[in-house]
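Residue numbers (our numbering): 597 to 723.
Hints listed in this document are in silico derivations from the structure and should not be mistaken for laboratory results. Watch out, some of these pointers could steer you wrong.
Stated by the list, open to error - In silico DSS-like pairs for lysine-lysine, Cα to Cα no more than 27 Å straight-line:
#1 Lys642 x Lys715
#2 Lys601 x Lys640
#3 Lys663 x Lys642
#4 Lys640 x Lys663
#5 Lys601 x Lys642
#6 Lys715 x Lys640
#7 Lys599 x Lys642
#8 Lys601 x Lys663
#9 Lys599 x Lys715
#10 Lys663 x Lys715
#11 Lys715 x Lys601
#12 Lys599 x Lys640
#13 Lys601 x Lys702
#14 Lys702 x Lys642
#15 Lys702 x Lys715
#16 Lys702 x Lys663
What the hints assert, rightly or not - If you anchor each label on the Cβ, the simulated ranges turn out as follows:
#17 Tyr617 x Pro669: 29 to 37 Å
#18 Pro610 x Gln712: 31 to 39 Å
#19 Asp687 x Ala598: 31 to 39 Å
Quick reminder that beta carbons are idealized off the backbone N, C-alpha and C, glycines included.
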Amino acid sequence: MAKTKVLIVEDYRPLAETLDYQLTRAGYEVYRAADGADAIVQAKLKLPDAIFLDVNLPVLSGIEVCKQLRAAPETRETLILMISALGEESDQVIGFAVGADDYVVKPVESYAVLLQRLKAHLRRREQ
């Protein structure tokens, strides 16, 4: 059985590396992009099952990336979990409005909980 593919789109390297480590350790096939433009290329090339998408990215914002991924037929149904230091209610509302399936506020307090959130979303998608 093929591994579940996850794309991490995060320009803050320590967080990207920690997410990569945690996801790889949990058995996921992990890809990374450090800016919004590369995120779109990688998403269309790798066709991940899920994307952890930072909001504040160089080149193209996570909000714009989310809009473009939702507009493209090949990525329209991809699970998108926004992850951002922008934790105000209005920030989260915008994230959901452009198509995010979940919104996680940094700093990530528990990677175990984050992985369970991912698993729960993936489980619902399989049903």
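Hints and how they fare:
1. Pair hint Lys642 plus Lys715 holds up; C-alpha atoms about 20 Å apart against a cutoff of 27 Å.
2. For the hint pairing Lys601 with Lys640, the CA-to-CA distance comes to about 13 Å; that is within 27 Å, so the pair holds.
3. Between Lys663 and Lys642, the direct Cα distance comes to roughly 18 Å. Compliance with the 27 Å bound is thereby established for this hinted pair.
4. Among the hinted pairs, Lys640 with Lys663 is consistent with the structure: their alpha-carbon atoms are about 14 Å apart, no more than 27 Å.
5. The hinted pair formed by Lys601 and Lys642 meets the criterion: a straight-line CA distance of about 8 Å does not exceed 27 Å.
6. Simply put, Lys715 and Lys640 have alpha-carbon atoms about 22 Å apart, close enough for the 27 Å limit, and the pair holds.
7. For the suggested pair Lys599 and Lys642, the alpha carbons sit about 13 Å apart, so the restraint of at most 27 Å is met.
8. Between the alpha carbons of Lys601 and Lys663 the distance comes to roughly 21 Å, so the proposed pair stays at or under 27 Å and holds.
9. The straight-line distance between the Cα atoms of Lys599 and Lys715 is roughly 13 Å, inside the 27 Å bound, and the hint therefore holds.
10. Straight-line distance between C-alpha atoms of Lys663 and Lys715 comes to about 23 Å, which keeps the hinted pair within the 27 Å bound.
11. In summary, the hint linking Lys715 to Lys601 is supported, as the alpha carbons are separated by about 12 Å, within the 27 Å threshold.
12. For the hint pairing Lys599 with Lys640, the CA-to-CA distance comes to about 18 Å; that is within 27 Å, so the pair holds.
13. Pair hint Lys601 plus Lys702 holds up; C-alpha atoms about 22 Å apart against a cutoff of 27 Å.
14. For the proposed pair Lys702 and Lys642, the alpha carbon gap of about 26 Å is at most 27 Å, so the pair holds.
15. Only pairs whose Cα atoms come within 27 Å are accepted, and Lys702 paired with Lys715 is accepted, the gap being roughly 19 Å.
16. Annotation: proposed proximity of Lys702 to Lys663 holds, straight-line Cα distance about 21 Å (limit 27 Å).
17. For Tyr617 and Pro669, the Cβ-Cβ distance of about 33 Å falls inside the hinted range of 29 to 37 Å, so the restraint holds.
18. Judged by the Cβ atoms, the range 31 to 39 Å given for Pro610 and Gln712 is violated: they are separated by roughly 22 Å.
19. With their beta carbons about 34 Å apart, Asp687 and Ala598 fall inside the hinted range of 31 to 39 Å.
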